[in-house]
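Chain residues, written in single-letter form:
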Amino acid sequence: MSFLHPAIAWAGVAAVALPIIIHLLFRRRRVSIEWAAMELLREAVRRTNRRLQFEHWIVLTLRCLMLLAAGLAIAVPIFGTSVGGGQARRLVMVVIDNGASSALRGGSESELVRVIDEVRTMLAQSEIRDRVGIVLASQSPTLVLAPTVDTAAIEQALSRIEPAQTPSELKDAFMLALATINAARLDGSASGEVARVVLASAFRRASLTDVSSISVANTANTVGAFQAKSDASAGTDAASSTPRIEIIALLPAQDSPSDARVVHIDARPAPSGAAVLVRALIAREGASLEAGQTFVRATGTGMSAAPERAVLWEKGQSEATIDFQLLPAAQVAGTRKIGVEVHIEDDNLSTGNEGFAAVDVRSELEIGVVGRRTSLDASELERVPSSLWISRALSPSVGSGMRVRDIDPSACDGRALLGLDAVVLARPDLLSPSACDAIGKFALSGGVVVVIPAGESIAQTWGQVVFSKLSVPLRVAAEAVDHDPPLRLAEEQPPSSLLSSIAPELSALVAPIETKRTVALSGFSKGEVVLVNADGSPLVVAQAPRRDDGRVERGMVIGFSTAPELIWTNLPVKPLMVPLLQEIVRAGIQMAAGRNEVAVGERMSGEALAIMRHEATIQPRATEGNTTTTLAIGQDGVSTNLVERAGIWRSDAGAMVASNVRPASIALAPNAPDSVRAALAPLGDVRFRSSESNETTAQVPSEADWSFMLLVIALALLLIEGVLSRLFSHASLPSASSTDETVSIVGRVRVRARSEPAMSSSSSISSSGGRT
Amino acid sequence: MRAEQYLAPETLGQLLPFELRARMIVEGVMSGMHRSPYQGLAVEFAEHRQYAPGDSIRQIDWKVFARTDKLYVKRYVQETNLDVLVMVDRSSSMRYGTLDVKKGWGGTDASRGTGKWTKFDHATATAAAVGYMCLHQGDRVGLALFDEEVRVQVKRSSQRDQWRAIVGALSTGPVNGRAQIGRSIDQMMARVTNRALFVIVSDFLMPIDELRPAIARLAHRGHDAMLVQTLDRAELRFDFDSPARFEGLEGGDAIETDPRAVRAAYLALLREHVDAVDRLARSFGADALVCDTHESVGPVLAEVLDRRMSFTGRRGG
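From first to last, the protein sequence lines are chains A and G. Note that the working numbering numbers the first sequence so that position 294 is 294, with each residue one more than the last. Note that the working numbering numbers the second sequence so that position 144 is 144, with each residue one more than the last.
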């Protein structure tokens with residue numbers, strides 16, 4: 001049993017002490033009387049004591065019960081079950097899907113509003129006042145209203161629900177609802193109540209993404225398993241005592257509205273100049289993908305707005321890319337972090353109509369090439385060292401956007417690496433241990449390190465030292481291997497983000513490449529291969545440094561299995577050389593700068609905020625009203641809270657992260673009831689509720705009825721107490737002035753009194769004698 | 001003014017000094033009686049009885065013998081040598097009273113302290129009045145004040161100044177202690193050789209078993225007794241109307257109770273006790289009176305006179 005106004009209930013309980021306190025106070029105020037006939041009085045008290053005590057207890061109990069009943073009546077008790085054998089009261093946990101897809105507008109109101117209205121209707125149809133708790137299903141599920149019967153609180157909680165941009169997590173929300181029910185049962189507040197979980201969702205594809213991950217074998221997350229656990233915890237008979245938990249789901253939406261969204265933004269600096277190239281992937285879905293157009297515009301911080309462009313959809317077309325070039329609004333030198341935004345026109349679902357990206361724009365990249373040259377290097381083409389080929393490839397002409405700085409291996413230290421964006425190790429065999437340490441730190445700080453085998457010798461004994469310092473698991477064979485005939489690159493290269501900008505012409509560029517000598521690489525995964533030889537061995541691999549605990553760090557390590565020297569390969573003299581090195585360095589720098597994009601609903605990792613790793617505070621680019629959303633990065637490098645909104649996030653130190661809505665979280669395809677039931681089957685037996693159905697099944701007295709009954713009881717107790725206290729207080733006895741009692745003592749004797757007139761005139765003296 | 005009005009405690013209290021008060025009581029009683037107590041008291045000859053061997057020949061009525069030639073003996077009534085012993089209880093319980101003593105009233109030390117007309121006040125008034133009346137009829141009157149034992153005693157006498165001695169003894173002395181009526185009666189009986197009328201004025205709030213042996217010994221010795229049970233009106237009615245703490249005048253644990261709740265039981269017990277005293281008295285040929293301190297003592301005197309006549313009659317017979 002609980003109360004609508006617990007404080008008043010406690011006051012009622014406390015009021016029970018009032019009669020006792022009054023009794024004690026009045027007891028102190030009793031007057032003292034000197035008395036002669038003490039033995040008679042003592043005997044009289046002894047004879048009446050049991051009756052008096054009984055009377056006192058009766059009256060005291062009545063008074064206490066009366067106050068208790070009155071207090072409880074005012075406090076509005078809420079009973080778990082009816083006393084008359086009616087249907088049990090329910091504990092209803094409403095799981096409201098306010099995920100990203102719930103903002104879908106089907107007319108003037110959003111789907112979330114429609115779902116909430118349906119929940120309101122369902123709750124209003126119940127004649128009993130259910131205890132209702134509310135769980136929001138958007139990531140991460142939150143209990144926004146603990147179970148209560150306070151209709152005002154329920155309505156207030158419902159009215160405050162807004163669609164989130166985070167994905168729906170119906171499964172976790174459902175489990176949270178079950179946990180709440182379990183907690184309520186364990187603390188006794190919901191004992192005997194019928195528990196019900198209402199899944200209030202349109203059950204579009206986005207809502208069932210996480211539910212589909214539930215396997216039937218995962219019985220720990222099912223209602224049945226939960227029920228058994230709950231029963232075991234309560235120490236009761238599982239079969240009989242604990243009411244079942246029923247799952248009610250709203251009918252899934254069956255419409256398939258059309259909606260376009262920004263799926264992906266690829267923003268990178270132009271190879272030359274300060275411009276930013278933006279490529280946006282626009283997708284649309286819906287039942288009928290008619291021909292049409294969607295207007296798209298792109299902006300960037302400090303950049304001139306690009307002219308709005310339109311995506312012209314053909315019938316049935318679901319995806320399209322559109323390119324923008326953002327030009328700087330003013331001449332700016334140095335490195336800048338630019339937030340790029342792509343917007344499409346508003347449609348049925350506003351969520352997803354924006355895409356964000358953070359891009360580093362540098363006016364000129366600084367590349368260090370660690371190698372040793374001699375005066376004879378250029379005298380013979382066959383003897384041109386790889387460091388020279390690389391320098392020429394990276395900076396073939398003035399204005400290429402890259403500036404190469406030659407570093408002798410003996411002078412390679414932290415100071416020499418200062419200000420560099422990337423380092424190419426052309427002679428790793430000449431690096432001292434301290435140089436290796438400096439390069440390792442450079443990589444971990446977000447730099448790109450390209451490792452080339454030492455072209456001067458067959459033996460490659462540097463591998464273990466260098467790669468271990470670079471914190472990558474790459475391994476290199478101790479000796480180079482000659483190939484006759486030379487190895488050719490595979491015609492079909494694996495997709496790699498490093499070479500995505502030259503991917504269309506890559507097959508043509510790799511065709512003439514022959515490799516006569518390689519050194520075997522190992523310790524990489526398939527996804528880390530950038531270029532692969534025809535025999536399957538890698539030519540170029542890329543790895544991110546990792547901590548000892550396996551956590552990916554910033555930075556990028558790119559390993560070559562061959563040295564770009566002509567005695568090793570013809571790569572230096574082929575067209576692939578320049579774009580290969582420039583792209584892997586440029587793209588590598590973008591990637592090594594950190595994962596500067598995060599999906600809404602994820603935690604922001606510290607890799608993107610290395611300089612703010614400890615308690616860094618990231619502020620959003622835009623403020624909503626007067627509030628600014630902040631995210632604190634914990635000492636573990638991960639934000640304590642989830643990223644809940646799409647946008648550009650910037651730290652005080654200049655770090656920038658873009659957050660975007662996951663496309664899967666706004667997938668609007670409808671699901672048939674059967675498929676929804678099948679998807680929810682692991683949770684338990686789901687029953688759908690139609691809007692026409694009436695859930696009024698309970699005939700349990702309402703709280704008002706209980707209060708009225710208690711009030712009547714209190715009044716009845718008051719009446720009984722009044723009569724009994726009047727009776728027991730003996731106030732109704734003859735008044736003290738009456739002489740009846742006195743006369744009765746002597747009157748009996750007066751009968752025997754002599755009949756002389758003088759004697760008979762005296763009224764209160766009697767006489768008797770043995771002389772008659 | 002009617003005699004009864006004189007005898008009301010309010011009136012008695014204003015009739016100072018003590019002597020005047022007692023006289024008013026007695027005269028009021030006598031004037032209110034239809035049959036004067038003096039009648040018959042002057043008749044010396046009571047009856048004739050046939051002579052029996054052993055009778056004194058001096059008591060033979062020779063005139064009757066001369067007329068009837070039969071021997072008859074004269075029987076005479078003893079006129080003046082009735083011994084009346086008034087015993088007044090002055091234990092602590094007699095200190096109780098609820099009638100307010102008004103200005104100008106006399107009373108004893110007991111009432112002076114409390115401002116109430118106590119049972120002891122009423123008992124002394126009764127004793128003084130009885131003494132006065134008996135002395136006026138030529139009886140020998142003695143007095144004893146007792147609690148645990150006889151504390152004050154006035155020897156029997158029929159002298160004119162005897163009454164002053166009695167009043168002097170009554171008006172002083174503490175009212176204290178616990179009544180030991182059996183012991184006190186024994187002490188008095190040890191000093192009385194002839195038959196006497198014992199008028200015992202007390203509240204008799206002691207166990208009947210304690211009273212019974214004393215009354216029995218009186219009866220066995222041939223004495224007559226009259227028990228005047230003097231109780232306050234509050235004791236008779238127990239008309240308190242709010243919870244109170246009752247503290248015993250003779251000590252003991254206090255009792256907290258609601259008088260209204262125990263009133264019926266108390267009155268029933270009081271009635272039983274009064275009945276028991278009454279039955280006890282009757283069983284030994286004695287009288288028992290219940291006297292309300294708020295009422296007149298006149299009827300007590302009338303009863304004493306009645307008892308006296310009965311006593312002298314038996315003794316003559």
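What the hints contain is simulated information worked out from the structure, not anything from laboratory work. Certain hints may be false.
Claimed, not checked - Computed spacing ranges between beta-carbons, pair by pair: (1) G:A216 to A:R50: 35 to 45 Å; (2) G:A264 to A:S32: 18 to 28 Å; (3) G:R279 to A:I22: 17 to 27 Å; (4) G:K155 to A:F26: 33 to 43 Å; (5) A:I22 to G:A190: 56 to 66 Å.
Stated by the list, open to error - Derived contacts from chain G toward chain A, CB cut-off under 7 Å, selection only: (6) L205; (7) I208; (8) E235; (9) A244; (10) E247; (11) L249; (12) V262.
All C-beta atoms in this analysis are idealised placements derived from N, C-alpha and C, irrespective of residue type, glycine included.
Hint check results:
{"no.": "1", "hint": "G:A216 to A:R50: 35 to 45 Å", "result": "37 Å, holds"}
{"no.": "2", "hint": "G:A264 to A:S32: 18 to 28 Å", "result": "23 Å, holds"}
{"no.": "3", "hint": "G:R279 to A:I22: 17 to 27 Å", "result": "46 Å, violated"}
{"no.": "4", "hint": "G:K155 to A:F26: 33 to 43 Å", "result": "56 Å, violated"}
{"no.": "5", "hint": "A:I22 to G:A190: 56 to 66 Å", "result": "60 Å, holds"}
{"no.": "6", "hint": "L205", "result": "5 Å, holds"}
{"no.": "7", "hint": "I208", "result": "11 Å, violated"}
{"no.": "8", "hint": "E235", "result": "5 Å, holds"}
{"no.": "9", "hint": "A244", "result": "5 Å, holds"}
{"no.": "10", "hint": "E247", "result": "5 Å, holds"}
{"no.": "11", "hint": "L249", "result": "5 Å, holds"}
{"no.": "12", "hint": "V262", "result": "4 Å, holds"}
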